[in-house]
Amino acid sequence: MGVVKSIEQRLEGLVEGFFTKVFRSGLQPVEVGRRILREMGENKTVSVSRVYAPNDFRVHMGPDDHSRFAQMQAGLEREFSELVIQAAKENRWNLMGMPRIAFVEDQEMKKGEYRVEASLAADAGAGAPSVSTRQPQSDDPSATRAISVGGGDAPPAVGAAELVVLDERGRERDRVRVTRAPVTIGRLSTNDVVLSDANVSRRHAELRRNGGKWIVADLDSTNGTTVNGKLAKEHELKSGDRIGLGTTELVFETKAG
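Just so it is clear: in the sequence shown, position 173 is 188 by the working numbering, and no numbers are missing.
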(Lines of atoms letter the chains of each structure in order from A; the text may use other names.)
(Lines give C-alpha, C1' and ligand atoms only; values in the text may rest on other atoms or scores of the structure.)
Protein backbone atom coordinates (compact mmCIF):
# COMPACT_ATOMS: atom_id res chain seq x y z
CA MET A 16 0.00 0.00 0.00
CA GLY A 17 1.50 3.31 -1.14
CA VAL A 18 0.38 5.30 1.88
CA VAL A 19 2.01 2.88 4.33
CA LYS A 20 5.35 2.97 2.49
CA SER A 21 5.22 6.75 2.49
CA ILE A 22 4.58 6.77 6.25
CA GLU A 23 7.50 4.47 6.91
CA GLN A 24 9.89 6.58 4.85
CA ARG A 25 8.79 9.87 6.38
CA LEU A 26 8.69 8.72 9.98
CA GLU A 27 11.93 6.76 9.72
CA GLY A 28 13.56 9.84 8.25
CA LEU A 29 12.18 11.96 11.06
CA VAL A 30 13.84 9.88 13.76
CA GLU A 31 17.26 9.68 12.14
CA GLY A 32 20.31 11.29 13.76
CA PHE A 33 19.82 12.51 17.32
CA PHE A 34 16.40 10.91 17.69
CA THR A 35 17.62 7.46 16.63
CA LYS A 36 18.76 6.92 20.22
CA VAL A 37 15.46 8.25 21.57
CA PHE A 38 13.43 5.65 19.65
CA ARG A 39 15.89 2.77 19.84
CA SER A 40 13.41 0.75 21.95
CA GLY A 41 9.80 0.88 23.04
CA LEU A 42 6.93 2.24 21.01
CA GLN A 43 7.91 3.39 17.51
CA PRO A 44 6.33 6.28 15.53
CA VAL A 45 5.83 3.99 12.53
CA GLU A 46 3.64 1.68 14.64
CA VAL A 47 1.46 4.61 15.67
CA GLY A 48 1.23 5.82 12.07
CA ARG A 49 0.04 2.42 10.87
CA ARG A 50 -2.55 2.23 13.66
CA ILE A 51 -3.89 5.70 12.81
CA LEU A 52 -4.37 4.56 9.21
CA ARG A 53 -6.18 1.44 10.35
CA GLU A 54 -8.43 3.42 12.68
CA MET A 55 -9.33 5.78 9.82
CA GLY A 56 -10.42 2.86 7.66
CA GLU A 57 -12.28 0.97 10.39
CA ASN A 58 -14.11 3.98 11.84
CA LYS A 59 -15.17 5.83 8.72
CA THR A 60 -18.80 6.91 8.38
CA VAL A 61 -20.76 6.72 5.14
CA SER A 62 -23.42 9.38 4.50
CA VAL A 63 -25.75 9.67 1.52
CA SER A 64 -23.04 10.80 -0.88
CA ARG A 65 -19.81 11.09 1.13
CA VAL A 66 -17.46 9.03 3.27
CA TYR A 67 -16.16 10.69 6.43
CA ALA A 68 -13.02 9.43 8.17
CA PRO A 69 -11.88 10.25 11.72
CA ASN A 70 -9.67 13.31 12.09
CA ASP A 71 -9.22 13.33 15.90
CA PHE A 72 -6.76 10.82 17.39
CA ARG A 73 -5.75 10.30 21.03
CA VAL A 74 -2.73 8.01 21.37
CA HIS A 75 -2.57 6.45 24.86
CA MET A 76 0.81 5.13 25.99
CA GLY A 77 2.82 4.36 29.12
CA PRO A 78 5.03 6.88 30.96
CA ASP A 79 8.30 5.70 29.37
CA ASP A 80 7.01 5.98 25.81
CA HIS A 81 5.19 9.21 26.56
CA SER A 82 8.38 10.89 27.79
CA ARG A 83 10.15 9.94 24.54
CA PHE A 84 7.29 11.06 22.29
CA ALA A 85 7.11 14.33 24.22
CA GLN A 86 10.66 15.16 23.10
CA MET A 87 9.42 15.24 19.49
CA GLN A 88 5.80 16.16 20.08
CA ALA A 89 5.52 19.07 17.63
CA GLY A 90 7.29 17.21 14.82
CA LEU A 91 5.34 13.99 15.31
CA GLU A 92 2.00 15.80 15.52
CA ARG A 93 2.80 17.55 12.25
CA GLU A 94 3.86 14.34 10.53
CA PHE A 95 0.81 12.39 11.72
CA SER A 96 -1.49 15.24 10.64
CA GLU A 97 0.01 15.21 7.14
CA LEU A 98 -0.37 11.42 7.13
CA VAL A 99 -4.11 11.74 7.88
CA ILE A 100 -4.57 14.31 5.09
CA GLN A 101 -2.61 12.16 2.63
CA ALA A 102 -4.64 9.05 3.46
CA ALA A 103 -7.91 10.97 3.12
CA LYS A 104 -6.84 12.30 -0.26
CA GLU A 105 -5.76 8.92 -1.65
CA ASN A 106 -8.90 7.14 -0.40
CA ARG A 107 -11.26 10.03 -1.27
CA TRP A 108 -12.43 10.30 2.31
CA ASN A 109 -13.73 13.57 3.74
CA LEU A 110 -12.51 15.09 7.01
CA MET A 111 -14.82 17.19 9.20
CA GLY A 112 -11.93 19.39 10.33
CA MET A 113 -8.18 19.67 10.44
CA PRO A 114 -6.40 16.60 11.93
CA ARG A 115 -5.84 16.60 15.69
CA ILE A 116 -3.23 14.41 17.35
CA ALA A 117 -2.75 14.07 21.12
CA PHE A 118 -0.34 11.87 23.10
CA VAL A 119 -1.92 10.78 26.40
CA GLU A 120 0.07 9.31 29.28
CA ASP A 121 -1.48 6.21 30.84
CA GLN A 122 0.18 5.09 34.08
CA GLU A 123 -1.18 1.55 33.75
CA MET A 124 0.46 0.89 30.38
CA LYS A 125 3.85 -0.73 30.07
CA LYS A 126 6.63 0.16 27.64
CA GLY A 127 5.56 -0.61 24.08
CA GLU A 128 1.84 -0.81 24.93
CA TYR A 129 -0.53 1.71 23.38
CA ARG A 130 -4.00 2.24 22.01
CA VAL A 131 -5.48 4.80 19.61
CA GLU A 132 -8.92 6.36 20.02
CA ALA A 133 -10.30 7.83 16.80
CA SER A 134 -13.27 10.12 16.36
CA LEU A 135 -14.80 12.67 13.97
CA ALA A 136 -14.53 16.24 15.20
CA ALA A 137 -15.51 19.47 13.46
CA ASP A 138 -13.32 22.54 13.88
CA ALA A 139 -14.46 24.69 16.79
CA GLY A 140 -16.79 27.46 15.68
CA ALA A 141 -16.77 26.30 12.07
CA GLY A 142 -20.40 25.18 12.03
CA ALA A 143 -21.80 24.18 8.69
CA PRO A 144 -19.70 25.00 5.64
CA SER A 145 -20.56 28.46 4.40
CA VAL A 146 -19.67 30.69 1.48
CA SER A 147 -18.63 34.30 1.30
CA THR A 148 -17.59 36.44 -1.65
CA ARG A 149 -15.43 39.50 -2.02
CA GLN A 150 -17.25 42.54 -3.34
CA PRO A 151 -15.75 44.61 -6.21
CA GLN A 152 -13.80 47.71 -5.22
CA SER A 153 -15.02 50.91 -6.80
CA ASP A 154 -11.49 51.95 -7.78
CA ASP A 155 -10.48 48.52 -9.11
CA PRO A 156 -13.35 46.55 -10.65
CA SER A 157 -10.96 43.86 -11.91
CA ALA A 158 -9.88 43.02 -8.35
CA THR A 159 -12.99 40.93 -7.80
CA ARG A 160 -14.38 38.50 -10.31
CA ALA A 161 -17.19 36.97 -8.28
CA ILE A 162 -20.15 39.05 -7.10
CA SER A 163 -22.70 37.84 -4.60
CA VAL A 164 -26.24 38.12 -5.93
CA GLY A 165 -28.03 40.84 -4.02
CA GLY A 166 -24.72 42.35 -2.96
CA GLY A 167 -24.58 44.88 -5.80
CA ASP A 168 -26.49 46.34 -8.73
CA ALA A 169 -24.31 44.98 -11.51
CA PRO A 170 -26.52 43.29 -14.14
CA PRO A 171 -25.57 39.81 -15.32
CA ALA A 172 -23.30 39.87 -18.35
CA VAL A 173 -24.00 37.95 -21.52
CA GLY A 174 -22.87 34.38 -20.94
CA ALA A 175 -22.54 34.99 -17.20
CA ALA A 176 -22.88 32.12 -14.80
CA GLU A 177 -24.01 31.54 -11.24
CA LEU A 178 -22.86 29.16 -8.52
CA VAL A 179 -25.63 27.94 -6.23
CA VAL A 180 -24.30 26.87 -2.84
CA LEU A 181 -26.25 23.96 -1.32
CA ASP A 182 -26.65 23.14 2.36
CA GLU A 183 -26.31 19.66 3.86
CA ARG A 184 -29.86 18.79 2.77
CA GLY A 185 -29.27 19.86 -0.81
CA ARG A 186 -31.22 23.11 -0.50
CA GLU A 187 -30.05 26.47 -1.84
CA ARG A 188 -28.17 28.41 0.83
CA ASP A 189 -26.41 31.08 -1.19
CA ARG A 190 -25.97 32.20 -4.77
CA VAL A 191 -22.88 33.72 -6.37
CA ARG A 192 -22.92 35.52 -9.71
CA VAL A 193 -19.81 35.03 -11.83
CA THR A 194 -19.32 37.94 -14.22
CA ARG A 195 -15.70 37.51 -15.32
CA ALA A 196 -13.11 34.76 -15.53
CA PRO A 197 -10.96 33.26 -14.17
CA VAL A 198 -12.52 32.82 -10.73
CA THR A 199 -10.57 31.15 -7.94
CA ILE A 200 -12.42 29.17 -5.26
CA GLY A 201 -10.94 28.14 -1.92
CA ARG A 202 -10.59 28.67 1.80
CA LEU A 203 -8.25 31.68 1.72
CA SER A 204 -9.87 35.11 1.91
CA THR A 205 -7.87 36.20 -1.13
CA ASN A 206 -9.92 33.90 -3.40
CA ASP A 207 -12.75 35.29 -5.50
CA VAL A 208 -15.19 32.83 -3.93
CA VAL A 209 -14.35 31.93 -0.32
CA LEU A 210 -15.68 28.68 1.16
CA SER A 211 -15.50 28.30 4.93
CA ASP A 212 -15.02 24.53 4.84
CA ALA A 213 -12.09 22.75 6.51
CA ASN A 214 -12.08 20.14 3.71
CA VAL A 215 -11.57 22.80 1.03
CA SER A 216 -7.97 23.67 0.17
CA ARG A 217 -6.63 27.20 0.42
CA ARG A 218 -6.75 27.53 -3.37
CA HIS A 219 -8.95 24.63 -4.38
CA ALA A 220 -10.31 25.15 -7.90
CA GLU A 221 -10.73 27.70 -10.66
CA LEU A 222 -13.50 28.56 -13.12
CA ARG A 223 -12.18 29.47 -16.56
CA ARG A 224 -13.59 30.56 -19.89
CA ASN A 225 -12.50 28.90 -23.13
CA GLY A 226 -14.33 30.63 -25.92
CA GLY A 227 -17.98 30.26 -25.02
CA LYS A 228 -17.37 27.35 -22.67
CA TRP A 229 -16.96 27.32 -18.88
CA ILE A 230 -14.38 24.96 -17.40
CA VAL A 231 -13.67 24.01 -13.78
CA ALA A 232 -10.06 23.06 -13.02
CA ASP A 233 -8.74 21.54 -9.81
CA LEU A 234 -5.69 23.37 -8.42
CA ASP A 235 -3.97 20.30 -6.92
CA SER A 236 -6.32 20.39 -3.93
CA THR A 237 -6.02 17.97 -1.03
CA ASN A 238 -9.45 16.31 -1.41
CA GLY A 239 -9.92 16.85 -5.13
CA THR A 240 -12.77 18.37 -7.12
CA THR A 241 -15.75 16.39 -8.38
CA VAL A 242 -18.31 17.08 -11.10
CA ASN A 243 -21.56 15.16 -10.71
CA GLY A 244 -19.87 12.85 -8.23
CA LYS A 245 -16.85 11.99 -10.39
CA LEU A 246 -13.33 13.18 -9.66
CA ALA A 247 -12.26 15.75 -12.26
CA LYS A 248 -8.93 17.46 -12.89
CA GLU A 249 -10.42 19.67 -15.60
CA HIS A 250 -14.00 19.49 -16.82
CA GLU A 251 -16.21 21.41 -19.25
CA LEU A 252 -19.31 22.49 -17.38
CA LYS A 253 -22.93 22.44 -18.46
CA SER A 254 -25.75 24.22 -16.72
CA GLY A 255 -27.00 22.08 -13.84
CA ASP A 256 -23.67 20.34 -13.18
CA ARG A 257 -22.83 19.80 -9.50
CA ILE A 258 -19.33 20.72 -8.36
CA GLY A 259 -18.05 19.12 -5.14
CA LEU A 260 -15.29 20.79 -3.13
CA GLY A 261 -14.61 19.33 0.32
CA THR A 262 -18.00 18.90 1.97
CA THR A 263 -19.47 21.79 -0.05
CA GLU A 264 -21.55 21.27 -3.17
CA LEU A 265 -22.16 23.97 -5.78
CA VAL A 266 -24.57 23.88 -8.70
CA PHE A 267 -23.31 25.58 -11.84
CA GLU A 268 -25.94 27.54 -13.79
CA THR A 269 -25.63 29.64 -16.94
CA LYS A 270 -27.76 32.54 -18.05
CA ALA A 271 -29.08 32.68 -21.57
CA GLY A 272 -27.79 35.75 -23.32
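Read the hints as simulated data drawn from the structure, not as lab findings.
Note that the structure is a prediction, hence the values are computed from the model and not measured.
Treat the hints with care, since some could be wrong.
[Said to hold, decoys possible] Derived DMTMM-like pairs: lysine to aspartate or glutamate, alpha-carbon spacing no greater than 20 Å straight-line:
| id | residue 1 | residue 2 |
| --- | --- | --- |
| 1 | K270 | E183 |
| 2 | K104 | E177 |
| 3 | K104 | D121 |
| 4 | K228 | E251 |
| 5 | K59 | E177 |
| 6 | K59 | E105 |
| 7 | K270 | E177 |
Checked hints:
1. K270 to E183: violated, 25 Å
2. K104 to E177: Answer violated: K104 to E177 is near 28 Å, above 20 Å.
3. K104 to D121: Cα-Cα ~32 Å, so violated.
4. K228 to E251: holds, 7 Å
5. K59 to E177: Judged against 20 Å, a Cα distance of about 34 Å means the pair is violated.
6. K59 to E105: Holds - the C-alpha atoms of E105 and K59 are around 14 Å apart, at most 20 Å.
7. K270 to E177: With Cα atoms ~8 Å apart, K270 and E177 stay inside 20 Å; holds.
Going down the numbered hints, you'll see the structure goes against 1, 2, 3 and 5, while the others check out.
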